[in-house]
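Colleague: Following the hints, position chain B against chain A.
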Amino acid sequence: MTGEKAHPRHRLAPLLGSPVRLSVVAALAAADRAEFGYVRDLVEVSDSVLSKQVAALEEAGWVTVEKGRVGRRPRTWLALTGEGRAAYGRHLDALRDIAGPLR
Amino acid sequence: MGEPAEAVASLEGAVRMERAVRTRSQWYAMYLWLFAAWQLLLIPMLVLWRGHVPVAVSMAGNAVIVAALSLYAARQPVVPRRMTVRHLSAIGGWTLVYGLTLVLAFIGPFKEPGVLFTGVAAICCALPPALVALNVARSGA
Numbered sequence: 001m002t003g004e005k006a007h008p009r010h011r012l013a014p015l016l017g018s019p020v021r022l023s024v025v026a027a028l029a030a031a032d033r034a035e036f037g038y039v040r041d042l043v044e045v046s047d048s049v050l051s052k053q054v055a056a057l058e059e060a061g062w063v064t065v066e067k068g069r070v071g072r073r074p075r076t077w078l079a080l081t082g083e084g085r086a087a088y089g090r091h092l093d094a095l096r097d098i099a100g101p102l103r
Numbered sequence: 001m002g003e004p005a006e007a008v009a010s011l012e013g014a015v016r017m018e019r020a021v022r023t024r025s026q027w028y029a030m031y032l033w034l035f036a037a038w039q040l041l042l043i044p045m046l047v048l049w050r051g052h053v054p055v056a057v058s059m060a061g062n063a064v065i066v067a068a069l070s071l072y073a074a075r076q077p078v079v080p081r082r083m084t085v086r087h088l089s090a091i092g093g094w095t096l097v098y099g100l101t102l103v104l105a106f107i108g109p110f111k112e113p114g115v116l117f118t119g120v121a122a123i124c125c126a127l128p129p130a131l132v133a134l135n136v137a138r139s140g141a
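Residue numbers (UniProt numbering), protein chains in the order written: chain A, 1 to 103; chain B, 1 to 141.
Take the hints with a grain of salt, since some may be wrong.
Stated by the list, open to error - Just some of the chain A residues that point at chain B, by a computed CB distance under 10 Å:
#1 L12
#2 G37
#3 V39
#4 V70
#5 R75
#6 A94
#7 D97
What the hints assert, rightly or not - Take a look, some chain A residues computed to stay more than 10 Å from chain B by CB distance:
#8 E59
#9 T64
#10 A86
What the hints assert, rightly or not - Output of the computed footprint for chain A on chain B, the stretches with three or more beta carbons under 8 Å from beta carbons of chain A:
#11 21-32
#12 64-77
Source of the hints: derived by calculation from the structure; they are not laboratory data. For glycine and all other residues, C-beta sits at the position ideal for the given N, C-alpha and C.
Same shape as in the complex, but just chain A (with noise of 0.2 Å):
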């Protein structure tokens, strides 16, 4: 790496540029898998807003999308892949050492 790429910046993840993209997978990381309307409410996005968020992260190989039923009402749960929990921690770790001594 030379001294110009060595800024923290060059260390943030673009897919998680994204402010929801972020609030997504930072909601994700804290459990093993969430219900798709849970994360949508928590996120204050829109079904359709969450869904192409989602297909962006499950397309990247860090969210995987499961679909279920619990009696007669279906349900779909997110979850974080491994590589999208270590992807998200270096992007936090790299906000971090941008924030500095401001954390």
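Modeller: Leaving out everything else, chain B in the frame of chain A:
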């Protein structure tokens, strides 16, 4: 807003999300506390109240409680971190102690168990879920 300030705002947002999910995950500690509390009722009923009818009533009560707790768990929107390992520890530990209690109370040396044996057995049966509940509460899930 400067880059460091933006980073701080992002970090704060992420921490807020994680904290909200951990708080919501505390349902599992409640589940374990209820299961532990039920042991303090179930074991005395089972051990001290002898006969076919009392055993049937205790077993039916146990089935209702376990079904209610399972329904409560199934309705939760968050599965806490490391729940599989924690649940195996709590239920595995309980199964061992509960099995030992039944053996000692019905087959083993305490065929006429007194209040002391019953009290100790009830506390021992409540201990595995209670310890895991404490661990869940302390770690914030």
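Colleague: Each hint needs a verdict: does it hold in this structure or not?
Modeller: Outcome of the hint check:
no. : hint  : in the structure
1   : L12   : 9 Å, holds
2   : G37   : 7 Å, holds
3   : V39   : 8 Å, holds
4   : V70   : 5 Å, holds
5   : R75   : 8 Å, holds
6   : A94   : 8 Å, holds
7   : D97   : 8 Å, holds
8   : E59   : 21 Å, holds
9   : T64   : 13 Å, holds
10  : A86   : 15 Å, holds
11  : 21-32 : holds (count 4)
12  : 64-77 : holds (count 3)
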